[in-house]
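First to last, the sequence lines map onto chains A and B.
Quick note on numbering: the first sequence equals residues 1 to 337 in the UniProt record's numbering.
Quick note on numbering: the second sequence equals residues 1 to 337 in the UniProt record's numbering.
Bear in mind the hints are in silico, worked out from the structure with no lab data behind them.
One thing to keep in mind: the hints can contain errors.
It does not matter which identical chain is meant; a pair holds if it fits inside one copy or across any two.
[Stated by the list, open to error] Here are the computed lysine-lysine pairs in the DSSO-like style, where the Cα-Cα straight-line distance is at most 30 Å:
#	residue 1	residue 2
1	Lys230	Lys161
2	Lys152	Lys124
3	Lys63	Lys302
4	Lys152	Lys230
5	Lys63	Lys124
6	Lys104	Lys124
7	Lys152	Lys302
8	Lys104	Lys152
The residues making up each chain are set out below.
Number of protein chains: 2
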Amino acid sequence: MPVQPAADSVKIAARNETAGDLMSPPVGVFGPQMTVAETVEQLRELTRAAFITYCYVTDPAGKLLGLVVMRDMLLARPEARLEEIMLRDVFALPETMPLADALKEALVRHFPVYPVVDGHGVLKGLIRGERLFAERAIEISAQAGAMVGVEKEERLSTPLKRSLLLRHPWLQVNLVTAFVAAAVVGVFEDTLAQLVILAVFLPVMAGQSGNTGCQALAVALRGMTLGDLKPGTERALVMKEGMLGFFNGLFVGISAGLGMFVYATMQGEANAWLMGLVALTAMVASCVISGLAGALIPLTLKRLGADPATASSIFLTTASDVASMGIFLSLATVLLL
Amino acid sequence: MPVQPAADSVKIAARNETAGDLMSPPVGVFGPQMTVAETVEQLRELTRAAFITYCYVTDPAGKLLGLVVMRDMLLARPEARLEEIMLRDVFALPETMPLADALKEALVRHFPVYPVVDGHGVLKGLIRGERLFAERAIEISAQAGAMVGVEKEERLSTPLKRSLLLRHPWLQVNLVTAFVAAAVVGVFEDTLAQLVILAVFLPVMAGQSGNTGCQALAVALRGMTLGDLKPGTERALVMKEGMLGFFNGLFVGISAGLGMFVYATMQGEANAWLMGLVALTAMVASCVISGLAGALIPLTLKRLGADPATASSIFLTTASDVASMGIFLSLATVLLL
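Required output: the full structure, derived from the provided sequences and hints.
Right, here's the structure in full:
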């Protein structure tokens, strides 16, 4: 394969970005012995060329000692030395910190500017908070796509060929999982041959439990993104989604069962009410399973060290397709034939 | 129905929140004739009790005239008056501005604090930027859920009963749309009775085109969220997703067609190769349709004034289910019977 176009390389590199990649050179850096009056004189010059929010205090080796906010300088005596009024133990981003981690740190703090330091605590640069927040918005907004196999780097401006290369592999994965669901249906070909009406209801069963599971999945992923999911609460989340699956399956199952009953009666089937019961029971069972899967899949992906959103919807659909159509056709085989 | 519990009322009210609901009382407010020296004296007292980022200058009626940054005060002569050094034409959020619009304004500016004014320009309060950004993260992260009928207000801590009430109506909507898809399949009951093998492939057709459409949907919604979708580019977006649907459908259709051919051969069907061709053709056509729908649905919702993500995945699934199974069974009826 020939050399990649430059634009693509940049985008791919962006996924391994560190805090150091985003920083600009430090400005407003002073020695600890400088007085407020001396600093103000220098700031008068510096602010002509640069936008300065904080002053940074470093030792002769460049090590970050502290930070002075303009308000404190304004309120201090002109002869006060910076080391007297500076804030110590300044929060700084390590140069090598992955961007994703830097975003999390910034989210908690929300400072206008973050100093970036190397392994020895030497001030290497500054990152404006808004830059990190723009990155965070890009990050969070990628979730819905990640669930169905769209990479974070794809944007509206991504060329068609690149979009195809990025999305297509997950569609082939989806196809493999769809074959698994088809194989389950295939087991019941004899049942379907005797009761073709069941085939008509297969998409209803699969679609309903799939959407129930997707609701659970979306809520779980959002909780992880916003930091709502505290350690030790995973069990409660899974239980809640299982319960929700039960009740949603029950009420939707009643509608679906009625639909089945009416349709079967219209077709002159003898067992119409039993068919409705099969639809209801299968709906409840498969919605419980897909609710549980919707919570368990992102938790498992996270435990495995993967992005919890990645292809989660594809895995979920497999689980809910197999469960819903498998249970529906099993019950039908046992009760109706 | 009895009075709602307080917690719920708050959450429901939150959806119509304005900038005024989020503001805290203004601090650091001074007259235009005050000198820098006088202001600094007052700030010395004020900063003991409050965190002050900017000074605001108002006329006797409370109307916002300007804003003074600490840096400019530090660099000014002590006898300078605030009106000499203040920034005029300060950006302020109207008290009645909906929160969603305030978030957009904040996104472009990223100031640490925003003044809030009433219709006469009178300073009513302040909102810290971090507060708006926390809201924005909550907003964006709701998208994946909104697509499948999860309300913005639902969080991990939402009680089970409330989650059920919030999510269930969309599941009943989904069921109605699933019945539409079932009705399409029902039209072809005779075809299915003669070739039960087709029923086995129905979930494959529906699942594949559904996922292709969901990829398009997620990319379109993300583009809208991040402001990538410029007016006049909608047509290009729809065309691109149609093309992507074609190529994705073609390559996935080849795999699916091969799967159909192999399975049909194993079952001893005479027309195995023709069945594979039906699967391939239907896959291409339905992926084009679901790709187009994935782009058109959020654009249409937006044009109608609705949130483009709301239940978009439910509408999309209906379109792709009807298209994929309808085309597949139509072609099979014409070519195979």
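Right, here's what the structure says about each hint:
1. Lys230 / Lys161: This pair counts as between: shortest inter-copy Cα distance 21 Å, intra-copy 41 Å.
2. Lys152 / Lys124: within (28 Å within a copy, 41 Å between copies)
3. Lys63 / Lys302: neither (37 Å within a copy, 52 Å between copies)
4. Lys152 / Lys230: Intra 25 Å, inter 20 Å, cutoff 30 Å: intra and inter.
5. Lys63 / Lys124: within (9 Å within a copy, 43 Å between copies)
6. Lys104 / Lys124: Cα proximity of Lys104 and Lys124: one copy only (21 Å, versus 32 Å across).
7. Lys152 / Lys302: both (17 Å within a copy, 23 Å between copies)
8. Lys104 / Lys152: both (17 Å within a copy, 22 Å between copies)
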